[in-house]
Amino acid sequence: MNFDKELDARGLNCPLPILRTKKSLSELASGQVLKVSSTDPGSVKDMQAFARQTGNELLSSAEERGEFVFFLRKH
Amino acid sequence: MESKKMAIIATKGTLDWAYPPYILASTAAALGYEVQIFFTFYGLQLLRKDLSGLKVSPLGNPGMPMKMPFGPKWFKDISWNIPNAVQALVPGYENVATSLMKQTIANNGVATIPDLRELCLEADVKMIACQMTVELFGFDHSDFIDNIEYGGAATFFEFAGETDICLFI
Chain B
1 MNFDKELDAR
11 GLNCPLPILR
21 TKKSLSELAS
31 GQVLKVSSTD
41 PGSVKDMQAF
51 ARQTGNELLS
61 SAEERGEFVF
71 FLRKH
Chain U
1 MESKKMAIIA
11 TKGTLDWAYP
21 PYILASTAAA
31 LGYEVQIFFT
41 FYGLQLLRKD
51 LSGLKVSPLG
61 NPGMPMKMPF
71 GPKWFKDISW
81 NIPNAVQALV
91 PGYENVATSL
101 MKQTIANNGV
111 ATIPDLRELC
121 LEADVKMIAC
131 QMTVELFGFD
141 HSDFIDNIEY
151 GGAATFFEFA
161 GETDICLFI
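Residue numbers (my numbering), protein chains in the order written: chain B, 1 to 75; chain U, 1 to 169.
Do not take every clue at face value.
[To be verified] Chain B residues, not near chain U, derived (Cβ > 10 angstroms throughout):
no. : residue
1   : Glu6
2   : Lys22
3   : Leu28
4   : Ser30
5   : Val33
6   : Asp40
7   : Ser61
8   : Glu64
9   : Gly66
[Stated by the list, open to error] With beta-carbon atoms standing in for the labels, derived distance ranges:
no. : chain 1 : residue 1 : chain 2 : residue 2 : range
10  : U       : Phe137    : B       : Ala62     : 31 to 39 angstroms
11  : U       : Pro65     : B       : Gly66     : 22 to 30 angstroms
12  : U       : Gly71     : B       : Ser26     : 39 to 47 angstroms
13  : U       : Asn147    : B       : Thr39     : 27 to 35 angstroms
14  : B       : Ala62     : U       : Asn147    : 39 to 47 angstroms
15  : U       : Gly109    : B       : Met1      : 23 to 31 angstroms
16  : U       : Asn107    : B       : Ala62     : 21 to 29 angstroms
17  : B       : Gly42     : U       : Ser79     : 21 to 29 angstroms
18  : B       : Lys45     : U       : Ser142    : 38 to 46 angstroms
19  : U       : Ser3      : B       : Glu27     : 15 to 23 angstroms
Read the hints as simulated data drawn from the structure, not as lab findings.
Don't be surprised by glycine CBs; every beta carbon is placed ideally from N, CA and C.
Could you put together the complete structure from these sequences and hints?
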């Protein structure tokens, strides 16, 4: 998937992946896509909840070898 | 749409209990909430310029697992069951427990309290110190970070009365 910005949140734990995601999204324009990598298993549910509450669209959420990758489209 | 609001009363002044108010406040701010934290009694410790004095005490806290943040896995998995009487008598026990806790925090990629507080301030979380307890405990405004306000219970209620979420920690 194409993206405009990438955030490496690997090794960080709650609530840092969400806080960094919020910060990275603020640097994007509406409609642009952010890729986030994380190793925090809690970030899977948290990212869904973040997307629902902020109106940013979670385009995909996947796990690969213990790493989680998310694509979010800025509201 | 008007943003949601959350108010927190922070009353605990230990390293472990510093986390809930700052984690919840920073996350709520990231979700678009307007957030205020009212710091009172021991919670005032969380507003000090120098946070290095925050400690954690396993003494009298049966809910706290005591595990070592270093060594091979079998060693890290041991839960050290140290009697209260021993914890109370060994000099520096609290300091050792605190430095082990800080190591565990770093090992797990958990943010430090100074970092979380900074993130809250960056996200415009409003912090209010209880003026009555500031005086009661003999603090001076110069002990605390600059960008906070001082007020009393009525100040807290003015905002708390309008909130969607209100927590006492």
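Original post:
So which hints don't hold here, by number, going up?
Top reply: 2, 6, 10
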